[in-house]
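Novice: The listed protein sequences derive, respectively, from chains A and B. Going by the numbering used here, 122 is the number at position 122 of the first sequence; the sequence numbering is gapless. Going by the numbering used here, 146 is the number at position 146 of the second sequence; the sequence numbering is gapless.
Calculated directly from the structure, the hints in this document are not laboratory data. Just so it is clear, the structure is predicted and the values come from calculations on it, not from any experiment. Heads up, some of the hints might be wrong.
No copy is singled out in the list; a pair is fine if it fits within one copy or between any two copies.
Stated by the list, open to error - No more than 25 Å apart at the CA atoms, straight line, and that leaves these computed lysine to any residue pairs for SDA-like:
| no. | residue 1 | residue 2 |
| --- | --- | --- |
| 1 | Lys79 | Asp152 |
| 2 | Lys102 | Asp210 |
| 3 | Lys31 | Ala177 |
| 4 | Lys31 | Asp181 |
| 5 | Lys31 | Gln103 |
| 6 | Lys79 | Gly165 |
Protein chains: 2
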Amino acid sequence: MAEKTVSLNEPILSRNERLAAELRQRFAEHKVYVINVLSSPGSGKTSTILATNERLRDRYRAAVIEGDIASDVDAVTMKEAGIPAVQINTGGLCHLEGNMIKQAVDALDQGVGLDAIDVIFIENVGNLVCPVDFDLGENLSIMILSVPEGDDKPVKYPGIFQHAGAVLLNKVDVAPAFDFDLDAYNAVLNELNPRAPRFSVSATRGQGMDEWCAWLSEQIEAARA
Amino acid sequence: MAEKTVSLNEPILSRNERLAAELRQRFAEHKVYVINVLSSPGSGKTSTILATNERLRDRYRAAVIEGDIASDVDAVTMKEAGIPAVQINTGGLCHLEGNMIKQAVDALDQGVGLDAIDVIFIENVGNLVCPVDFDLGENLSIMILSVPEGDDKPVKYPGIFQHAGAVLLNKVDVAPAFDFDLDAYNAVLNELNPRAPRFSVSATRGQGMDEWCAWLSEQIEAARA
């Protein structure tokens, strides 16, 4: 059954690869560093983007592309925080695709202008399965797992953890209330994706955010050099 | 883009409807009550099934069909708890389909036998988008949201909350550590799905589980009558 779905999607995927390559070139021309933010619903994508921007705003001007099945609550939050934001509603689709990002980037370009943007955060649809197959032309994909979700998620959703360029463990401030086996979690990630750096953070309380932001700044500078 | 995906999936969906009708008839003939358990990854599907079975095991013999992208950790957990379990690995697919359930039910029938089972819990893939479109022949779909995911999930994933026959808010024991606006959450559900009963529970600590299990028992008895 999985095979059937994959074969049906192949034309979409190959078209997406072409669009992603075009986006990647466009981002490079305008020196925009793009971060594809992945997690389950409610793991803290929005709060991590806000907390990261708070620490990097003096160095980099950020914009956000919000992907949701429905609603614009996250885009409203971003705009209230002074960050240019474009909302994409997927109308039921469980991931973002290159053609949606192209439209959102066009909107940003017509708004603040791409040359006035250093970093774009793409907040993908909350999903650990669908977004993995869709390259959005990003420089970096990050996977956010939150402590309340449990330490077994890398075993159960290996694809997205393998795909990530960095893995953030969020909500560590509430770790005492949950049975999260950090050793078991790390052991699985050592197998799945030993090279991606891991950060333990609390986006809302600030723990670990300086370390994450220092590493991210290095990646942005390396891409610009 | 959403239109394209929907049209590609239509043959799969119409085939699924036929399979779901066959499954529903088969469940009715063997007096098996089937519950499709939906949530994000890590909201507590496994622990809710275990805690529910613990309270109902004297009245009903349960079995579990576990749907995962990869791994068999949940089926192992179920078997350790003495519950017959069949694991389905979807190989990347973000939902379960009727043909997978048919295979799993065949396996249960060849194992303990369907007549020795009163209730089947189907633990769907952790996902708030894909499973909504796939009828599995179940009597009841339940949606589990956990407090750490945030009160805005019904706004952002309306489809699955509209679809549910009951909504469980899990991990209420850790509510003091999170800013979960219960009034906002209830207001949105009052719009989306006023008829589905709501239960506030802690599957691991037991809070609210008796109320949920009493209601579930009534549904099972009504289906048998």
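Novice: Please go over all the hints and tell whether each is borne out by the structure.
Specialist: Hints and how they fare:
1. Lys79 to Asp152: This pair counts as between: shortest inter-copy Cα distance 17 Å, intra-copy 35 Å.
2. Lys102 to Asp210: Neither way: Lys102 and Asp210 sit 31 Å apart in one copy and 51 Å across, limit 25 Å.
3. Lys31 to Ala177: neither (43 Å within a copy, 40 Å between copies)
4. Lys31 to Asp181: For Lys31 and Asp181, the Cα distance exceeds 25 Å both inside one copy (40 Å) and across copies (40 Å).
5. Lys31 to Gln103: For Lys31 and Gln103, the Cα distance is within 25 Å only inside one copy (19 Å; across copies 52 Å).
6. Lys79 to Gly165: This pair counts as neither: shortest intra-copy Cα distance 27 Å, inter-copy 36 Å.
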